[in-house]
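Engineer: Residue numbers (the working numbering), protein chains in the order written: chain A, 3 to 226; chain B, -1 to 239; chain C, 2 to 220.
Because the hints were derived from the structure by calculation, they are not lab data.
It cannot be assumed that every hint is accurate.
Stated by the list, open to error - Straight-line distance between alpha carbons at most 30 Å, and here's what the computed BS3-like set of lysine-lysine pairs gives: (1) C:K47 to B:K107; (2) B:K78 to B:K180; (3) A:K148 to C:K212; (4) C:K172 to A:K21; (5) C:K172 to C:K47.
Claimed, not checked - Pair ranges (Cβ atoms, derived): (6) B:N14 to A:P52: 50 to 60 Å; (7) A:R208 to B:R197: 50 to 60 Å; (8) C:G189 to A:A117: 33 to 43 Å; (9) B:S138 to C:V38: 50 to 60 Å; (10) C:R46 to B:K111: 26 to 36 Å; (11) A:A117 to B:A166: 25 to 35 Å; (12) A:P17 to C:M80: 27 to 37 Å; (13) C:R46 to A:L216: 50 to 60 Å.
Ideal placement from N, C-alpha and C gives every residue a C-beta, glycine not left out.
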Amino acid sequence: MAYSFDFSSLADYGPVLAKGVAITVELIVVGGALGVGLGIACAWAKALGPRWLRPIVSAYVELIRNTPFLIQLFFIFFGLPAIGVGLTEMQAAILAMVINLGAYACEIIRAGIEATPRGQFEAGASLAMSPIQTFRHVVLVPALQKIWPALTSQIVIVMFGSAVCSQISVEELTFAANFIQSRTFRAFESYIVATVLYLLLAVLLRQVMRGLGLFLFPRRRKTT
Amino acid sequence: MSLITITEVRKSFGQNEVLKGINLDVAAGEVIAIIGKSGSGKSTLLRCINGLETINHGSITVAGAQLAPDEVHLRALRLKVGMIFQGFNLFPHLTAGRNVMLSPMVVKKVSQKEAEAEARVRLEQVGLAHKFDAYPDELSGGQQQRVAIARALAMKPLALLCDEITSALDPELVNEVLAVVKKLAEEGMTLLMVTHEMRFAREVCDRVVFMHQGRVHEIGPPEEVFANPQTAELRQFLGQS
Amino acid sequence: MTQFTTWDIVSNLLLAARWTVLLSILAFIGGGVVGLVVLYCRIARKVWLQRAANLYIELFQGTPLLMQLFLIFFGLPLMGLDVSPWAAAFVSLTLWTSAFLAEIWRGCVESIPKGQWEASSSLAMSFFEQLRYVVLPQALRIAVPPTVGFSVQVVKGTALTSIIGFVELSKASTIITNATFEPFTVYGFAALIYFVLCWPLSKSSQLLERKLNVAHHHH
Chain A
3 MAYSFDFSSL
13 ADYGPVLAKG
23 VAITVELIVV
33 GGALGVGLGI
43 ACAWAKALGP
53 RWLRPIVSAY
63 VELIRNTPFL
73 IQLFFIFFGL
83 PAIGVGLTEM
93 QAAILAMVIN
103 LGAYACEIIR
113 AGIEATPRGQ
123 FEAGASLAMS
133 PIQTFRHVVL
143 VPALQKIWPA
153 LTSQIVIVMF
163 GSAVCSQISV
173 EELTFAANFI
183 QSRTFRAFES
193 YIVATVLYLL
203 LAVLLRQVMR
213 GLGLFLFPRR
223 RKTT
Chain B
-1 MSLITITEVR
9 KSFGQNEVLK
19 GINLDVAAGE
29 VIAIIGKSGS
39 GKSTLLRCIN
49 GLETINHGSI
59 TVAGAQLAPD
69 EVHLRALRLK
79 VGMIFQGFNL
89 FPHLTAGRNV
99 MLSPMVVKKV
109 SQKEAEAEAR
119 VRLEQVGLAH
129 KFDAYPDELS
139 GGQQQRVAIA
149 RALAMKPLAL
159 LCDEITSALD
169 PELVNEVLAV
179 VKKLAEEGMT
189 LLMVTHEMRF
199 AREVCDRVVF
209 MHQGRVHEIG
219 PPEEVFANPQ
229 TAELRQFLGQ
239 S
Chain C
2 MTQFTTWDIV
12 SNLLLAARWT
22 VLLSILAFIG
32 GGVVGLVVLY
42 CRIARKVWLQ
52 RAANLYIELF
62 QGTPLLMQLF
72 LIFFGLPLMG
82 LDVSPWAAAF
92 VSLTLWTSAF
102 LAEIWRGCVE
112 SIPKGQWEAS
122 SSLAMSFFEQ
132 LRYVVLPQAL
142 RIAVPPTVGF
152 SVQVVKGTAL
162 TSIIGFVELS
172 KASTIITNAT
182 FEPFTVYGFA
192 ALIYFVLCWP
202 LSKSSQLLER
212 KLNVAHHHH
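Full structure from sequences and hints, please.
Structural biologist: What follows is the structure in structure tokens.
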């Protein structure tokens, strides 16, 4: 029996989808920015930070990278209130994304830092900069530039991962698709639309990251 | 009758025509050196003969096997003509002996025993019988290139194409490879070699082809070409090298 | 109300973890087999095959795994196939895995120098013989660490199948939480079990990678 597609019954749900897209964008913008920030801090700690801090950061990174995002999210949303940390759905989702991206970004950025020639650190030191100043002004930007494509891919992956935030009732894109299919009984169409929207969001996100890269690393504009 | 017939061959990379109508006949047993500046198309010509590049126009035939882009024709052609590369291109995951044995076994379905016996003969021929079980990264560049020659010979080709086979070698290793090539020439192997070794070309080759800007600019026996260049381009080229 | 001991929680989680392990293994094997086919298409010398393989890879890498799960779970019944959550989970994880593995392996194949292709061409080998005897044996060595590394993603990916109702470790965690009202303990232990499954894989991938970088010999 051939299935006849019917996207028309989805037409009324444009606003629902739009809201879903908006919340997914909010999740990835806030989560992405804070996550990369955390990643930079952890990468610094792991590569250059005080010795006592390194095993702690390593443990965090390993723990996050070896457990599913869904479980991290559930632990934060359902588990933390048991020890008195109650978060709204949105707060829990963003926290989970920050913690998740932070761990991956840490490893990616650290690789960039470790690829920095020794001479750069020595040059910074010889100019009387503190280690932190050397890191901030000499090491970090070229390191980020080197790993920007890998970081971009990771942020896209985290955005795809954010689909499971629907499971704690964050009203993002997947939640919208679930909602629409429960109303229209057009599951296949609903998820096709959501999938295409994710595809477009990923393309857009890559473009934004590319643009951000051109802004942050202007020297590159001349060569490419 | 000639073994290799190259007729009106043209080859372009995009807008850039690197071979502009090449005609060349090579008789069985002939040894030919192709000389010329880089960019003159000499390596491209060699690669066309082995079907590593497709041609845009003209034809290439080796002992009745015609160059055509499909796998059946290419296979027939490559069974008749072997190739040695500047960068050796030995298979790093196989020993010297296995490098030589591989193609006879998988392409010609020769038994392992026969292939091994043949490989030992070929390695002996290039003076490396004792390196049968050595891996490529345990061999010097010169030794690797000699294994590559043995590997090509094991397919019993009618002709060998040598693409600057000593250019990647340290100077002290060049002679051991050239000695092997010279011996092959004396044994009657048909050889087409792109080379910068002018002294070797003069001593060993029957004819020298000077290529310039995608054309055969001058051709003749080495004593004529080297002693009495007809064109300003060849005079300039010989003066430089 | 029934009292649950910590051991009750852990033992039930471990029982459910068997399904996580089984699904991971099957999806990894299935993904490997399909991935080889996709890899072959991706590097074959037919432009339309390459394009098809590219599209396949980009679709599965460019969309959320959860959407793929939903589309297969809700989509296959529309074609008249009645699928259980278990079958939908297996199929979608297999397809998803195959796209990633094909892409990882393509990178390995492409890192083999062009000269290896040319040398084997000049020895009259066919495309298949070149792959079989010259390129894949070399590519395989460098493919092992990233392949093992990706297996971690597969194990973690199985958690999503809980959302379509397949009872594995994550779904069991939710069920047990609903019975015990101890989310902190339950999800904590679930995370620990995932960690125990994944960390050895991550670590061995790193060690293999390091070994490969140190080793220059091929025997």
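Engineer: Hints first: check each against the structure and report whether it holds.
Structural biologist: Structure-based check of all given hints:
1. C:K47 to B:K107: The hint holds at about 27 Å.
2. B:K78 to B:K180: Distance ~20 Å between K78 of chain B and K180 of chain B Cα, so the pair holds.
3. A:K148 to C:K212: holds, 25 Å
4. C:K172 to A:K21: holds, 28 Å
5. C:K172 to C:K47: violated, 44 Å
6. B:N14 to A:P52: 50 to 60 Å: holds, 59 Å
7. A:R208 to B:R197: 50 to 60 Å: This hint holds: roughly 58 Å between Cβ atoms.
8. C:G189 to A:A117: 33 to 43 Å: Holds: the Cβ-Cβ distance is about 36 Å, inside 33 to 43 Å.
9. B:S138 to C:V38: 50 to 60 Å: violated, 42 Å
10. C:R46 to B:K111: 26 to 36 Å: Once the Cβ atoms are compared, 34 Å apart, the range 26 to 36 Å for K111 of chain B and R46 of chain C holds.
11. A:A117 to B:A166: 25 to 35 Å: holds, 29 Å
12. A:P17 to C:M80: 27 to 37 Å: About 31 Å separates the Cβ atoms of P17 of chain A and M80 of chain C, which means 27 to 37 Å holds.
13. C:R46 to A:L216: 50 to 60 Å: Taking Cβ atoms as reference, R46 of chain C and L216 of chain A lie about 36 Å apart, which means the hint is violated.
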